[in-house]
Amino acid sequence: MRSFSRFIKKHLLIFISTILAILTLDVLLFVLIFQGTVYELNSSSPRKVIEETASMFTIQDGTYKLSAEQEKTLHDMGIWGIIIDTEGSAVWNLTLPEEIPHTFTLADVSEFSRGYIESYPVFTKRIDDGLLVLGYPQNSYMKITSNALPYSTLFSIIWYFIGIFTLDIMLLFVAYTVSKRQISRNISPIINSLDKLSKGKPVNVQSKGDLEEIGNRINAASDILISKDAARANWISGVSHDIRTPLSVILGYADRILHSKEATGQIQEQADIICKQSVKIKGLIEDLNLASQLEYDMQPLNKELFSLSKLLRKSVSDFINNGLPEKYTLDFEAETTHEYLINGDKDLIKRAVENLLNNSVNHNPDGCNIHVSLSQEDGKISILVADDGMGVPQEKLNNILHAPHYMNSKKSTRGLQHGMGLHLVKKIVRSHEGKIQITSGTGFCVEMVFTSAAIKI
Amino acid sequence: MKVNKNGGEYMDYLKEKSILLVDDEPEIIKMVISILNDDDFTNIIASASYSEAIQNFKKTQPDIAVLDVMLPDGDGFQLAEKIREKSDIPIIFLTAKGEAEDRFSGLQLGADDYIVKPFFPQELILRINAILKRCYKEENPVLHLSGCTVDFSRAEVIKDNDVYPLTAKEHSILETLYRNAGRIVTIDALCEAAWGDNPFGYENSLMAHIRRIREKIEPNPSKPISLLTVKGLGYKLVVPNMR
Chain A
1 MRSFSRFIKK HLLIFISTIL AILTLDVLLF VLIFQGTVYE LNSSSPRKVI EETASMFTIQ
61 DGTYKLSAEQ EKTLHDMGIW GIIIDTEGSA VWNLTLPEEI PHTFTLADVS EFSRGYIESY
121 PVFTKRIDDG LLVLGYPQNS YMKITSNALP YSTLFSIIWY FIGIFTLDIM LLFVAYTVSK
181 RQISRNISPI INSLDKLSKG KPVNVQSKGD LEEIGNRINA ASDILISKDA ARANWISGVS
241 HDIRTPLSVI LGYADRILHS KEATGQIQEQ ADIICKQSVK IKGLIEDLNL ASQLEYDMQP
301 LNKELFSLSK LLRKSVSDFI NNGLPEKYTL DFEAETTHEY LINGDKDLIK RAVENLLNNS
361 VNHNPDGCNI HVSLSQEDGK ISILVADDGM GVPQEKLNNI LHAPHYMNSK KSTRGLQHGM
421 GLHLVKKIVR SHEGKIQITS GTGFCVEMVF TSAAIKI
Chain B
1001 MKVNKNGGEY MDYLKEKSIL LVDDEPEIIK MVISILNDDD FTNIIASASY SEAIQNFKKT
1061 QPDIAVLDVM LPDGDGFQLA EKIREKSDIP IIFLTAKGEA EDRFSGLQLG ADDYIVKPFF
1121 PQELILRINA ILKRCYKEEN PVLHLSGCTV DFSRAEVIKD NDVYPLTAKE HSILETLYRN
1181 AGRIVTIDAL CEAAWGDNPF GYENSLMAHI RRIREKIEPN PSKPISLLTV KGLGYKLVVP
1241 NMR
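Top to bottom, those sequences are chains A and B.
In this text, residue positions in the first sequence follow the numbering used here: the first is 1, and each later residue adds one.
In this text, residue positions in the second sequence follow the numbering used here: the first is 1001, and each later residue adds one.
Simulated from the structure, these hints should not be mistaken for lab results.
Hints may be right or wrong, so weigh each one.
[To be verified] With a cut-off of at most 25 Å between alpha-carbon atoms, the simulated DSS-like pairs for lysine-lysine come out as follows:
(1) A:K346 / B:K1030
(2) B:K1015 / A:K314
(3) A:K228 / A:K180
(4) B:K1015 / A:K261
(5) B:K1030 / A:K314
(6) A:K201 / A:K48
(7) B:K1169 / A:K350
(8) B:K1159 / A:K143
(9) B:K1236 / A:K10
(10) A:K276 / B:K1169
(11) A:K303 / A:K143
(12) A:K280 / B:K1015
(13) B:K1030 / A:K261
(14) A:K327 / A:K346
(15) B:K1236 / A:K327
(16) A:K350 / B:K1030
(17) B:K1133 / A:K327
[Unchecked claim] Reference listing, derived: stretches of chain B covered by chain A, where coverage requires no fewer than 3 residues with Cβ under 8 Å from a Cβ of chain A:
(18) 1042 to 1049
(19) 1059 to 1066
(20) 1213 to 1219
Source: prediction; values computed, not measured.
Glycine is no exception: its CB is placed at the ideal position from the N, C-alpha and C atoms.
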């Protein structure tokens, strides 16, 4: 999600720089296009024409005379001219349209000097004591008759522009924020589900609108993931199911030979080996099946509140009752008289303890003393299963602690393997949000720590 | 009287019980029959399918049923339901379906036990015997221990020609131990037998009752030879002539 807001911020920067670039471009275009117009305005502006015209007059015999060249220029441009003397009567004129009068009052002069005579835009210039007036063709120029602007208005126009600009920016930001939030809202379920999916968990995205398609694709990917997991778990469960029946027959007959009076010592010994190995396979397929069910969340935990001391007494007693050879001793000690209840799956916890007991027996063929104990500290309750047997060398312990089990490894299984039994124990403890600690010096010791849910005193 | 390796001559009547065995795998049928024969059960009715089992059940009225779950023409759960409609005989599932769900549905149908293949022959025998003992206990006669005899039907202990009556609690504790003779019974299981479900804090009372039972059954109560303590776990009743 963090990377996503970074993504949005980056887009904000792009957005802002695009606006700046557009503004710069606008200014450039304006300058380029209007440069010509401005130049044109300068070369043939009415002010310039009238200045030129005024300088081309000569006075002959008390009357004004314009040079023929300038007269032609004015004529070509469709400009008429007139000179009004101090009395208000025209003393010179050029191609004067009919509707233009020949005398003007002071009021007339003050009126047209800023605007039009009969809708001809006119420009004036003082010449000696008179006034030179040039009339441009109708509709060629627009004259602003009221060109007075109060200073207050002028300032408020500046503020107006600044205000509009600020408002625009603010509106842009609001639009940006709203769209960002909308995108976030639409995208966040997708991002979250991708997050879950990358951890191998199934998802179901409920997105509507434009992103519905993406949501559907993610759901489809999740379905494929689930069905693959299910297929794998079902496959393991099917195989283990099919092995059970023939294994029953093997175990049954081997046990029968073992207890047969007719069998000799050597045959009984071999039958015993078949029995033990069959039991190993039995444990293995059960562990494999359970581990795969836990791994792919195929089997919900069957949680209930139960007393760990009761469960441990039962597990340990059952283990002894099922025939523990005399070279092993197994005892149980509760270091607390209170009864600690935990919320968990009874069968799974029992399975974990049994696996640890089996490990102690299987890895110490010459016998050992196994000690199971229950202790508590600060709301944590821990089960300790320890033996004083051969233990494991440091290197192998590291492997047990850190190497991934072959069930979770992409590499070939050589060199990675450690027992299925211990792997399942780890899985069970993890599924109960517990902690597991494995140590080995003389003997092998596993401590499982769970959170106690309630206490009976 | 013939002495039996699983708990003395008093169990002979149980060996005459008829067992309905249902499994579609002939090898399993053959093997289970030989295991049961080894333990002196002779009255075994084997069936390879659902329909055959129904027929055999009607014809022979067995005393206990051992059922597989997956059958070619139906499943063991349906079979158990069908049997339950007519009879209260104990039912044990013996199946390759080991998942917790299957176990729950089996036990929910009122099965007395659920054994997952592969199984130890001994485990099967012990469970069948335990269930038979529990279900047909009105016929329970006397328990012979080293140094005394316990008559459960009259709740009496006969030691050195003296008769000691057993209280109700002592009776249920001793009976539970006897049903699991030779095996460790946890203090929790004993408390449950004496005080009902989910007992708590009865450990000291249990110790008092055990002491009184020892005074009645042991030649020397401070050095018990029949009712042994297993430290931290529970108690064990040693019955002579057991394997």
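Taking the hints in turn, this is what the structure says about them:
1. This hinted pair does not check out: K346 of chain A and K1030 of chain B have alpha carbons roughly 35 Å apart, beyond 25 Å.
2. Under the criterion of a C-alpha separation no larger than 25 Å, the hint pairing K1015 of chain B with K314 of chain A is inconsistent with the structure, at around 29 Å.
3. Between K228 of chain A and K180 of chain A the alpha-carbon distance is near 37 Å, which puts this suggested pair outside the 25 Å criterion.
4. Distance check on the hinted pair: K1015 of chain B and K261 of chain A sit about 21 Å apart at the alpha-carbon level, within 25 Å; holds.
5. This hinted pair does not check out: K1030 of chain B and K314 of chain A have alpha carbons roughly 33 Å apart, beyond 25 Å.
6. For the given pair, K201 of chain A sits about 84 Å from K48 of chain A by alpha-carbon distance, which is inconsistent with the 25 Å threshold.
7. This hinted pair does not check out: K1169 of chain B and K350 of chain A have alpha carbons roughly 29 Å apart, beyond 25 Å.
8. Taking the CA atoms of K1159 of chain B and K143 of chain A, the gap is about 141 Å. The hint is violated against a cut of 25 Å.
9. Note on K1236 of chain B and K10 of chain A: the hinted pairing is violated, with a Cα-Cα distance of about 76 Å set against a maximum of 25 Å.
10. For the proposed pair K276 of chain A and K1169 of chain B, the alpha carbon gap of about 41 Å is over 25 Å, so the pair is violated.
11. Under the criterion of a C-alpha separation no larger than 25 Å, the hint pairing K303 of chain A with K143 of chain A is inconsistent with the structure, at around 93 Å.
12. Our distance criterion of 25 Å between C-alpha atoms is broken by K280 of chain A and K1015 of chain B, whose separation comes to about 32 Å.
13. The hinted pair formed by K1030 of chain B and K261 of chain A meets the criterion: a straight-line CA distance of about 20 Å does not exceed 25 Å.
14. Restraint check for K327 of chain A and K346 of chain A: not satisfied, since their Cα atoms lie roughly 29 Å apart, outside the 25 Å limit.
15. For a cut-off of 25 Å, the pair hint linking K1236 of chain B to K327 of chain A stands: about 20 Å separates their Cα positions.
16. As the CA atoms of K350 of chain A and K1030 of chain B are separated by approximately 33 Å, the hinted pair breaks the 25 Å bound.
17. For the proposed pair K1133 of chain B and K327 of chain A, the alpha carbon gap of about 32 Å is over 25 Å, so the pair is violated.
18. Against chain A, the stretch 1042 to 1049 of chain B contributes 0 residues with a C-beta closer than 8 Å to a partner C-beta. That does not satisfy the three-residue criterion, and the hint is violated.
19. Check on the stretch 1059 to 1066 of chain B: 0 of its residues sit with their Cβ under 8 Å from a Cβ of chain A, so the three-residue criterion for coverage is violated.
20. As drawn, the stretch 1213 to 1219 of chain B meets chain A at 0 residues by the rule of a beta-carbon pair under 8 Å; below three, the given contact is violated.
Hint violations for this structure: numbers 1, 2, 3, 5, 6, 7, 8, 9, 10, 11, 12, 14, 16, 17, 18, 19 and 20, all remaining hints satisfied.
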